[in-house]
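Could you slot chains X, B and F onto chain A? The hints should help.
Each protein sequence line maps, in turn, to chains A, X, B and F.
Just so you know, the first sequence maps onto residues 14 to 392 in the numbering used here.
Just so you know, the second sequence maps onto residues 14 to 392 in the numbering used here.
Just so you know, the third sequence maps onto residues 14 to 392 in the numbering used here.
Just so you know, the fourth sequence maps onto residues 14 to 392 in the numbering used here.
Check each hint, because a few of them may be wrong.
A pair holds if it fits inside one copy or across any two, identical chains being indistinguishable in the list.
The calculated EDC-like cross-link candidates involving lysine to aspartate or glutamate, where the alpha carbons are at most 20 Å apart (straight line), are [unchecked claim]:
no.	residue 1	residue 2
1	LYS152	ASP381
2	LYS152	ASP246
3	LYS146	GLU70
4	LYS183	ASP22
5	LYS183	GLU15
6	LYS183	ASP359
7	LYS146	GLU253
8	LYS183	GLU132
9	LYS146	ASP232
10	LYS152	ASP267
11	LYS135	ASP209
FYI, nobody ran anything at the bench for these hints, they're computed from the structure.
Protein chains: 4
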Amino acid sequence: MENCVNLADLRRAAIRRAHPIVFDYIDGGADDEHTLARNATAFADYELMFRVLVGVESVDPGTRILGQQTTLPYIASPAAGNRLFHTEGELAVARASAEAGIIYCLSTLASASIEAVAEVSKGPKWFQLYVWKDRALVKEMLDRARAAGYQALILTVDFPIAGNRERDLKNQLFIPPKIRPRHVWDALKRPGWTVDYLFSPPIRYANLSQDSPAISLADFVAAQLNAAFDWHDVEWLLGEWNGPSVIKGIVRTDDARRAVATGFNGIMVSNHGGRQLDFSPAPIDVLGSIIDEVGAAAEVILDGGVRRGTDVLKALALGARAVSAARPYLYGLAAAGYPGVRRALDLVDRSIRRDMALLGVRSVAEIDSSFVRRTPRQA
Amino acid sequence: MENCVNLADLRRAAIRRAHPIVFDYIDGGADDEHTLARNATAFADYELMFRVLVGVESVDPGTRILGQQTTLPYIASPAAGNRLFHTEGELAVARASAEAGIIYCLSTLASASIEAVAEVSKGPKWFQLYVWKDRALVKEMLDRARAAGYQALILTVDFPIAGNRERDLKNQLFIPPKIRPRHVWDALKRPGWTVDYLFSPPIRYANLSQDSPAISLADFVAAQLNAAFDWHDVEWLLGEWNGPSVIKGIVRTDDARRAVATGFNGIMVSNHGGRQLDFSPAPIDVLGSIIDEVGAAAEVILDGGVRRGTDVLKALALGARAVSAARPYLYGLAAAGYPGVRRALDLVDRSIRRDMALLGVRSVAEIDSSFVRRTPRQA
Amino acid sequence: MENCVNLADLRRAAIRRAHPIVFDYIDGGADDEHTLARNATAFADYELMFRVLVGVESVDPGTRILGQQTTLPYIASPAAGNRLFHTEGELAVARASAEAGIIYCLSTLASASIEAVAEVSKGPKWFQLYVWKDRALVKEMLDRARAAGYQALILTVDFPIAGNRERDLKNQLFIPPKIRPRHVWDALKRPGWTVDYLFSPPIRYANLSQDSPAISLADFVAAQLNAAFDWHDVEWLLGEWNGPSVIKGIVRTDDARRAVATGFNGIMVSNHGGRQLDFSPAPIDVLGSIIDEVGAAAEVILDGGVRRGTDVLKALALGARAVSAARPYLYGLAAAGYPGVRRALDLVDRSIRRDMALLGVRSVAEIDSSFVRRTPRQA
Amino acid sequence: MENCVNLADLRRAAIRRAHPIVFDYIDGGADDEHTLARNATAFADYELMFRVLVGVESVDPGTRILGQQTTLPYIASPAAGNRLFHTEGELAVARASAEAGIIYCLSTLASASIEAVAEVSKGPKWFQLYVWKDRALVKEMLDRARAAGYQALILTVDFPIAGNRERDLKNQLFIPPKIRPRHVWDALKRPGWTVDYLFSPPIRYANLSQDSPAISLADFVAAQLNAAFDWHDVEWLLGEWNGPSVIKGIVRTDDARRAVATGFNGIMVSNHGGRQLDFSPAPIDVLGSIIDEVGAAAEVILDGGVRRGTDVLKALALGARAVSAARPYLYGLAAAGYPGVRRALDLVDRSIRRDMALLGVRSVAEIDSSFVRRTPRQA
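One chain only, chain A, in its complex shape (with noise of 0.2 Å):
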């Protein structure tokens, strides 16, 4: 791992480890990815103004986000099924993250439960929810949640039906994955990823009542998610739940109004990463008219994209109160568990903190717009 010096080079060793059908599913997008591309491209188009001479002997990237202190603007975004990447899975991730001082938001399609991961995370902790069918269902999940010590919910509202994933379709993924004849040769060149998955417990959806039948996400999605969940169904959502909630998968100003209007405190702006539609906006292109629409009455957080320290910090310059981010972690436990996911957040940590003396300033609030502008590029 200490050769591992940023996140490319994680992710090169999580190709290296993971069976290929694996490392597709997490680094994969939607149709011909254009929007997986952009997310990461836009931030080129920032620039980063930097000031000189303020003394940055000490630089302190702490912040709340939604009333909860943490050590760094970043969050460890949700993600389904992690024992599929590395048999130790959630837990590493969710154990990391408390270490580190970040939130931590558990996927409700988790290989761990919403307790397991509690017991082993004493940090801040969100619990993720998609919008199922059984209504009794979500509520048995928000009453664990509470019960368990999560601070805030976050609904997901791009996933109404599973994006088109032409990777893992030809790849024929199943969750939790079937390998099949075609597979076994790319499984032998892993044997440390293969002799984990035969000899670990079956990969499963650890929040749900029923057994997981191994199907694709899209059929899975159609069956067990409610394509027709809409804003009054959020009423009594967050009706049920009464706490702090946040709303992700935002890129439209008056979908951040009515979020807020609804009751929501955080936006979270997001196209999940590029998996849902593609040629949706990247991230950081919407974040400035969102903030100018709902900035005053909630948080605004960026997902997507999101690979170095100066991404964080042209986000904040923007005015977001934090970013998110689910690949850096997961090419991190992909590539060696429990101590790929601390290098990976090492890394944030280490790039934050580098990235904000050379910026100039002391602590986030320090950073406003001044701080960035867009790239004058035209040849």
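Below, chains X, B and F alone, put in the same frame as chain A:
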């Protein structure tokens, strides 16, 4: 065909099955193919602003085009000599289009007759016309199309002479094709196409009384079409037809205005798939100005570069009534005949429905300009 | 030559036949060749808004340039030492230009004499002048050009000293060339060019009284040209010539205005084909501002980057009277001598006529600014 | 060296001669090297509007910088530890700079002493300072620099901590370098550099009293520099120096204004060659705004990305007094020692003179904003 999960896969399948000179005829464009490329890539300059929590459990992409109800806002564009690509030719395309519930446009230069197509298709059908020198021939075709139940006439106006298609020039493509010594090796490597081609009746322009000589398209056009054709001839033609009519090949607002004044009900914004004048503008780039000009008086259809459901939705968000495309079904036809066309149209149907749900719309009527914006890219 | 269907094919044929140091001399530009590349690629920033149904059965690309009727709005630009590229040299180009009905510009540094060219060409001819140190030599050349029937003078003003052509530097190109040991292998691989070169009379600047020493172009220019030449010298020169005159190498509006005030009838917008100051603007990118400034008082000609009929039509739509180009015929000359030049000019002629028909214009007088617009590209 | 006709050639020569870990230290930048690349490529966004017929038989690129007459508007930027690249180190660069008539800037972290450099160079010299923890050391250095005849002080302010130079991290570069087992093979392939390195006195920071331990630059900087240094410390420093002064590493107009108010005579617009905060703006892209802000009160110098004479002229046309660069001479030094530096500076000198003549200016005073414009590129 099940392995083809998008149109790019079908295109690759067509490369493998069809003789290169035939594939190039489908695939190529004029001069340096700037417009050919731009037609498709221009869509990347537009982003989709998806909406959330509207309840998309049922999505209906149906619409009315020139008064006809269709399953999709998607038309099968006219294309010449389909038997070149697969022995099943236009009949396969017409049949699959009818089954998909979309409008099929039969080319004047089809290799199947007006009547034969009508026999296999009870779905909506339009008849496409080039501007022939021989007015009697035109009247005869109009009468036959009317008699056979074609509901609208499409007049192609961006083809006064043939464009400079250098792939065809270098391939020495004649229609019907002559297999020259230099083509034999490629023919041997595509036994499926070659056997079909050798054991089928000769390809001919089925709606022309005279026999088609084997000459280049440019020479045929120069001999048969009327480069002198102008708006006065159009008035005569519309008088003869006296029914719903669409003009195909418009990029200028003044031409669109005149077309409406002359009596056309529909405007097909098109540059002939990049096969005529290179550096013609991409249809998506002029669509807005045409709709501003004549959108209240005529239905505007975008033809050119459409490959994904997202492309369709962008055109609709910019105000188009529908899109039109030929290459997608031609790739399917060249790859596998009727099942290939079915696959192509099925992929189109599924992607439009999925992308509507992800965009947050339940019907095409809901799609307005708030769902699209220019990609804010500089770097 | 029949296999060459465009100028890029002719260029490739030139690579195959001519010695690399000679090909590089035609093909190369200054410094990093930014301007060389931009001259051609800038045309892609302009789109053609074709018009339909105007009746294009007969298209006439003829025009008048400085009072002379020509078949095409296209001029053969001056180029030095054509015998370097093919033993037939300027005589082949002049003859083919006359046959094509276009204006031929003979360079001061031609390897054929003013009189020899006049003998093979009864077509329109202009004489190009560099700013020599020796005024007597200049007067003598003007007298000879007038006597031989050259109708206009072109003064090249973007060449006070030689540009930094690094290909020639690295090739150690002298004029006439010296075949050094390192060039022998390439010479052996191009026997056609090499035999011609060895068995032809030595290449010399045919219009200079003194013998040409074999030195680099930069050294020759430093010795012979007058870097001190300024607008006062121009007044003297125009007084001596007392006939139609064109200034070549203008990109600024203030220079264009002064040129008109000084008495020039034509302004050739040019950066010497990207061979002088790198990062000079592409002619197409400054054409509009120059025409706005002096279009009413002088004829403006675009020189640089023209390869396709569409390029010609874009320049005309932006207000140019004609375009001018040397590389197209030089590629033809280097590829095959006179037949190569014929092919180049034939391709130019055919592409202009075809593209006019596709654009929907019957004469160059019909081409106005409505036919061109900037490509609206962002992504 | 004669085969090197531009700085890119010298860079390639440096690759061939110097050990890769040394070459990477010269060549590399921070993070993903966006800013490193952009510093140079941003120049392509600016075009040069050359002027004609002004008489350029004699061109003088001389200018005054902070009151000192120099041969060129070009400064040799400070760079640490030059003996790493070639055993002749700073002495070679200082000597060649003096011979070229340009200002040489000696780094605090030089591997040659203030006095040794003064001995070999009677030309204009500036002394660069980092912000050391030890004020006594700073005072001592200022006294030595003054005594040795350095005319101005440059304070580098964009280096509160070390940037994230991943090439150096991966190379495990220490200063002085430790040849680890993994470096031996590359050392054997560069015998010239290796023999020099092994048989020379150890590389040390010659102006520091203590011995330099072999540690990474980041660790050294953290131990020795004062990240708390701020504008108040600067006031103390300028009081101690009491002479001409330049601040290096400014990209913001507010910092430029404050620098002038604090007493600096010169502003060096710089991002430390892309080695500190990635996504800092390219100097050429912020130059105009800085000059608008403080151009009347201070001399503005552009540092970063300059490789061609055209780059220099663009900066001057935008209002810079001069440019500054280190990599060009470092490539020369690494390639061949003193003759390499000579070659680099000779190429710079020749290209500035040639490009002034081609631009149509006889002195730097003639270069105004009419000579530059943004490249109007869209496609």
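Taking the hints in turn, this is what the structure says about them:
Proximity of LYS152 to ASP381 under the C-alpha cut-off of 20 Å is found in neither arrangement, the shortest distances being 40 Å within a copy and 36 Å between copies. In this assembly of identical chains, LYS152 and ASP246 lie within 20 Å of each other by CA distance solely inside one copy; the values are 13 Å within and 61 Å between copies. In this assembly of identical chains, the alpha carbons of LYS146 and GLU70 lie at most 20 Å apart only when taken from different copies (11 Å versus 53 Å within one copy). Taking the shortest Cα distances, LYS183 and ASP22 sit within 20 Å of each other only across copies (11 Å), while inside one copy they are farther apart (26 Å).
In the homo-oligomer, the alpha carbons of LYS183 and GLU15 lie at most 20 Å apart only across protomers (10 Å), although the nearest pairing inside one protomer, at 34 Å, exceeds that limit. Taking the shortest alpha-carbon separations for LYS183 and ASP359, only the inter-copy value of 17 Å comes in at or below 20 Å, while the best intra-copy value is 35 Å. Taking identical chains as interchangeable, the C-alpha atoms of LYS146 and GLU253 lie at most 20 Å apart only when both belong to the same chain, with a minimum of 16 Å there against 58 Å between chains. In this assembly of identical chains, LYS183 and GLU132 lie within 20 Å of each other by CA distance neither inside one copy nor across copies; the values are 38 Å within and 38 Å between.
For the homomeric pair LYS146 and ASP232, the shortest alpha-carbon distance inside one copy (14 Å) is at most 20 Å, but the shortest distance between copies (56 Å) is not. Proximity of LYS152 and ASP267 under a CA criterion of 20 Å is satisfied in neither setting, with 28 Å inside one chain copy and 54 Å between copies. In the homo-oligomer, the alpha carbons of LYS135 and ASP209 never lie at most 20 Å apart, since the shortest distance is 27 Å inside one protomer and 58 Å across protomers.
Violation of the numbered hints given earlier is confined to hints 1, 8, 10 and 11; the remaining hints are satisfied by the structure.
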